[in-house]
Amino acid sequence: MRAIIQRVNRASVIVDDEVVGSISRGLCLLIGITHEDTIDDMNYIVDKTLNMRIFPGESGSSGFDQSVREISGELLLVSQFTLYASTRKGRRPGFTDAAHPEQAGPLFNNLVDAFRQNSGLNVATGIFGASMKVEIENAGPVTIILDSKDRHKPRKN
6 MRAIIQRVNR ASVIVDDEVV GSISRGLCLL IGITHEDTID DMNYIVDKTL
56 NMRIFPGESG SSGFDQSVRE ISGELLLVSQ FTLYASTRKG RRPGFTDAAH
106 PEQAGPLFNN LVDAFRQNSG LNVATGIFGA SMKVEIENAG PVTIILDSKD
156 RHKPRKN
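Going by the working numbering, the first residue of the sequence shown is number 6, and it counts up by one from there.
Any given hint could be a false lead.
What the hints assert, rightly or not - Once the Cα atoms are required to be at most 25 Å apart in a straight line, the calculated DSS-like pairs of lysine-lysine come out as:
| id | residue 1 | residue 2 |
| --- | --- | --- |
| 1 | Lys161 | Lys94 |
| 2 | Lys53 | Lys161 |
| 3 | Lys53 | Lys154 |
| 4 | Lys94 | Lys154 |
As the list claims (entries may be wrong) - Computed spacing ranges between beta-carbons, pair by pair:
| id | residue 1 | residue 2 | range |
| --- | --- | --- | --- |
| 5 | Val139 | Gly110 | 29 to 39 Å |
| 6 | Arg93 | Asp155 | 16 to 26 Å |
| 7 | Gln108 | Ile149 | 21 to 31 Å |
It should be emphasised that the hints constitute simulated quantities derived from the structure, not laboratory data.
Using N, Cα and C, we set each Cβ at its ideal position, and we do this for glycine too.
Just need the whole structure built from these sequences, with the hints factored in.
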């Protein structure tokens, strides 16, 4: 599972000219799901995201002192299969690494539920499988790429 995490002042998702999800200060997550993803991958993304210190502290001296949970921020989760695009061959991206909607949809819904249950924060979403417009005001800008497969890699000193 892959997440592009953006620290935002505000973010929203629009489907058919209607806002279906919006947040103020917090994190906007674009979520990609692959065939191999499990509940363990989902739990890793939830835990890492909720506890990652990427917001400034009270003093404002550093931009990376508090988590979204500590600031009582909000979360916007948007499913995005294109995060598993392959551009190795040809001019058109291939999406064979992305999970099919029948697998990705339930796992994405479980991810949303896990964020809601484990954070106590407002969690908004787009609509799975819909054509969406995502509007964000990135704060910083801060953008972090989080991949659940990286948890198995040895850490470099």
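Now for the hints, and whether the structure bears them out:
About 31 Å separates the Cα atoms of Lys161 and Lys94, which puts this hinted pair outside 25 Å; it is violated. Between Lys53 and Lys161 the alpha-carbon distance is near 18 Å, which keeps this suggested pair within the 25 Å criterion. Taken as a hint, the Lys53 and Lys154 pair is honoured in the structure, with Cα atoms around 13 Å apart against an allowance of 25 Å. In summary, the hint linking Lys94 to Lys154 is supported, as the alpha carbons are separated by about 23 Å, within the 25 Å threshold.
Our hint of 29 to 39 Å for Val139 and Gly110 is violated, since their Cβ atoms are close to 18 Å apart. Under the hint 16 to 26 Å, the C-beta atoms of Arg93 and Asp155, about 20 Å apart, fit the expected range. The hinted window of 21 to 31 Å between Gln108 and Ile149 holds, with their beta carbons roughly 25 Å apart.
The structure does not agree with the numbered hints 1, 5 stated previously, though it agrees with the rest.
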